[in-house]
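Undergrad: Sequence:
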Amino acid sequence: MTAGTAHAAREHHELPVHEVLLVLGADLETGLGEDEARERLEAYGPNSLPRRREHGPLVRLALQLHSPLVYVLLSAVVVTVAVGEYVDAAVILGVVAVNAVVGFVQEQRASAALEALADLARTRATVVRAGVVRRVDSTELVPGDIVSLEAGDKVPADLRLAEVHDLRVDESTLTGESEPVDKRALVLPAETAVADRLNMAWSSTLVTSGRALGVVVATGAQTEIGRIQAFVGSAQGVETPLMKRLAVFGRWLSLVIVVVAAVTFALGVARGESAAEMVTAAVALAVAAIPEGLPAAVTITLAIGVSRMARRNAIVRRLPAAETLGSTTVVCTDKTGTITQNRMTVLRVVVVGEEHELADAPEAEVRPCLVAGVLCSSARLREPRAGVVEAVGDPTETALLHAALARGVDQRVELAARPLVDEVPFSSDTGWMATLHEDPGSGGRLLVVKGGVEPVLALCGRADRGGALDAAAVEAQATTLGDAALRVLAFAWTRTELDRIPEDLTGTLGFLGLQAMADPLRPESAAAIAACRRAGIQVKMITGDHPRTAAAVAARAGLAGCRPPVVVTGADVAPLTLAGLGDVLERTDVVARVSAGQKLRIVEALQSRGHVVAMTGDGINDAPALKQADIGVAMGRNGTEVAKESAAMVLADDDFATIEAAVEEGRSIYDNLVKFVTWTLPTNIGEGLVVLAAIVAGLALPMTPVQILWVNMTTAVALGLMLAFEPAEPGIMTRRPRSPGEPIVTRHLVWRMVVVGLLMLVGAFVSYEIVLRTGATLEQARTVAVNAFVAMEAAYLVNCRSLDGSVRRVGLLSNRWVLVGGAAMLVLQALFTFSPWMQEAFGTAAPPAASWLLVLAMGVGLLAAVAGFKRATAPRSPTAAQSRRA
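The opening residue of the sequence shown carries number 1 in my numbering; numbering runs sequentially from there.
Everything labelled a hint here was simulated from the structure, so no lab data went into it.
Careful, some of the hints might be misleading.
As the list claims (entries may be wrong) - Now the in silico label distances, taken between C-beta atoms and shown as ranges:
| # | residue 1 | residue 2 | range |
| --- | --- | --- | --- |
| 1 | Val194 | Arg462 | 43 to 51 angstroms |
| 2 | Gly811 | Arg871 | 16 to 24 angstroms |
| 3 | Gly610 | Ala728 | 22 to 30 angstroms |
| 4 | Arg563 | Ala823 | 50 to 58 angstroms |
C-beta atoms are modelled at their ideal positions from N, C-alpha and C, and glycine is treated no differently.
Could you build the full structure based on these sequences and the hints that come with them?
TA: Laid out in structure tokens, this is it:
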């Protein structure tokens with residue numbers, strides 16, 4: 001039977017090993033031949049998860065044009081070409097092209113960053129081929145390969161285990177189970193769930209201790225994680241709040257512009273104007289009213305925010321997701337590796353009845369307990385890499401090795417002085433592990449035991465240094481440590497002449513002491529969580545760990561502030577309806593012992609209550625919830641590829657503090673977008689009103705369509721886009737999150753924009769009429785009107801650097817790019833006004849020298865008027881300010 005029919009009728013976990021080998025055409029001793037392995041690789045393909053199908057470059061570029069405003073601009077191109085205004089058409093088309101290219105390039109950069117992370121995840125495997133043990137790239141494995149596993153290995157494919165020696169595997173990435181699983185080479189019932197198949201080792205899980213030999217039964221997309229990836233690929237993502245707001249805003253703005261342009265055309269024709277002239281006027285009005293720079297501003301502002309986030313270790317895969325964190329109302333975070341360091345660490349040692357912090361413990365007193373921890377261990381220290389000594393094995397045992405090394409006890413030295421003679425592995429039945437060592441110093445041997453407090457105390461008849469053992473006192477100390485969510489191990493030893501470890505050790509050992517460990521908080525976690533709470537963002541811990549452990553970590557991290565955290569379990573919430581779950585979650589800080597399906601329901605329940613949810617995760621089991629969340633945040637270092645592919649953002653350092661930094665950047669991004677909209681819409685409204693007023697009054701246009709395009713294009717780039725570089729305003733992380741349903745332009749900002757638009761209308765017409773009545777030509781008057789309009793836009797830009805306060809609040813020089821843009825605008829307007837070739841292209845002429853005072857007066861006047869309007873409408877209290885900005 002060939003490998004292709006590997007489990008046509010029955011699963012591998014329900015078959016004896018010899019039948020699995022027969023089905024796969026494999027041999028446990030010699031493995032596959034090289035030719036057979038090559039043929040199977042061609043048949044099954046490489047052992048890697050299929051990449052998500054991305055759109056081709058042309059399609060991705062075309063998708064950058066998917067916007068109602070862009071559609072109106074493209075329609076304007078068609079109309080302007082039809083009436084022979086080729087310069088206008090070229091300028092509009094150039095703006096559209098710039099928008100598309102910027103968005104395309106940024107998404108390419110994000111994809112490249114993710115590809116680099118994916119390359120880091122590749123691993124090597126130890127395989128038997130043609131009777132020879134060799135190391136190969138994991139992508140070369142095929143069904144039937146015989147793979148050897150040791151502590152520290154990443155399981156390279158789905159394996160049916162054939163030989164097992166104390167193997168423990170961390171399957172948290174697949175099942176969410178935080179404790180390593182003991183594996184056995186036995187036959188299991190057909191109905192056994194994936195998480196309980198102890199005779200299988202799953203791809204992408206991690207061997208923490210022991211060793212084993214297994215046969216590959218599935219590779220690539222056929223593995224368990226491949227099946228989950230396929231499920232995630234069929235799920236639908238959630239549109240970001242920014243995209244929802246922009247879509248609504250764009251549709252309404254486009255509709256208003258088209259209607260007003262059509263009414264203008266009809267009004268002119270009804271008054272006897274020629275249809276050709278009215279087409280030009282309607283196009284001028286549409287071009288004036290459309291904020292051509294908005295798509296570019298959105299893309300560039302997001303791109304700048306993405307770059308800032310990348311510098312703070314947050315890699316954003318899709319541009320709109322950069323802003324979503326700024327809208328977040330709830331962060332659902334994992335515990336291990338995100339709030340904590342994902343590294344068990346010995347914190348306290350109890351010897352001679354006294355409890356000590358590891359760093360402060362007297363060396364002479366704690367050394368025997370530390371030596372016992374490195375001798376009675378399956379973990380081993382590796383040779384230093386880049387100056388750092390690594391430990392391989394179970395996280396609990398590696399913590400003991402690192403703790404001892406920190407106090408000068410090196411396992412390699414101790415084992416060299418006391419070679420291992422015999423070993424009894426840890427058993428859940430006995431609750432302890434024992435090792436027997438040569439002890440040249442005593443002329444005999446040293447028997448060392450490590451395990452749970454009660455099982456070890458049952459083996460002890462005395463304290464190590466003689467005297468009575470107060471077992472009750474030791475148990476009381478262990479209980480106190482356990483209540484603080486510390487994992488406690490007990491140590492004992494005795495000298496003996498035996499060659500083997502006896503079966504019964506009861507009462508023969510001398511008690512040494514206790515070592516208590518935990519996964520410590522990341523240094524920045526507590527401060528980052530506090531910052532989120534001040535920002536009005538709820539932080540909820542969603543974890544597969546024990547409720548007591550999760551509660552203790554949540555308390556240390558300040559997840560619930562000063563009060564004890566409220567904890568529920570997956571079993572508590574399983575029977576609840578979606579509405580009931582949402583009610584419970586509003587009052588809950590920690591959900592412990594939670595499954596992958598429950599994580600998904602938690603996200604859905606919070607979203608059903610109107611929350612914008614950020615969800616962190618690293619495991620394969622987290623992928624559905626990551627995709628469902630408004631923004632999924634995957635771990636870059638320890639996260640699986642499935643999790644990264646499902647997420648909108650990847651943390652390069654797996655740190656919760658990076659999420660808090662990204663929230664700040666997201667809020668700053670949204671602020672800057674609102675600032676640009678608040679700046680650009682009044683200018684477009686003013687231009688549109690100038691055209692409309694001239695048509696209604698039957699006057700010549702103060703600014704021609706091509707001049708309006710010049711103003712829109714140059715000011716959007718040289719002035720408006722400089723707002724994208726604005727730093728975060730003071731107090732940005734003390735505001736409440738924005739309401740998900742809030743429009744981009746609030747009622748308060750609408751009033752401001754109407755006032756500014758009217759002021760610009762008056763300023764442009766007054767400048768135009770004054771110069772025209774002094775005897776200047778039409779071209780000179782229009783040139784002054786254009787320069788006055790630009791001066792008013794520049795003045796208004798200064799006001800828009802802070803939406804509520806004066807520019808002094810953000811600092812005159814805090815954004816040097818505004819000064820650079822202003823200087824660039826001066827140069828461009830000088831060329832527009834005085835350059836002969838631009839005079840010919842845009843119909844301009846050098847105005848009288850005195851008119852420049854008029855231009856300056858218009859700019860200063862608008863600056864003073866808007867400052868006065870902001871003071872008059874300023875919120876009366878900090879609470880009102882927050883509610884307005886929220």
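Undergrad: Are the hints correct? Go through all of them and say.
TA: Now for the hints, and whether the structure bears them out:
1. At roughly 47 angstroms, the beta carbons of Val194 and Arg462 sit within the given window of 43 to 51 angstroms.
2. Between Gly811 and Arg871 the C-beta distance comes to about 19 angstroms, which sits within the given range of 16 to 24 angstroms.
3. Between Gly610 and Ala728 the Cβ separation comes to about 26 angstroms, which falls inside the hinted range of 22 to 30 angstroms.
4. The beta-carbon spacing between Arg563 and Ala823, approximately 55 angstroms, falls within the hinted interval of 50 to 58 angstroms.
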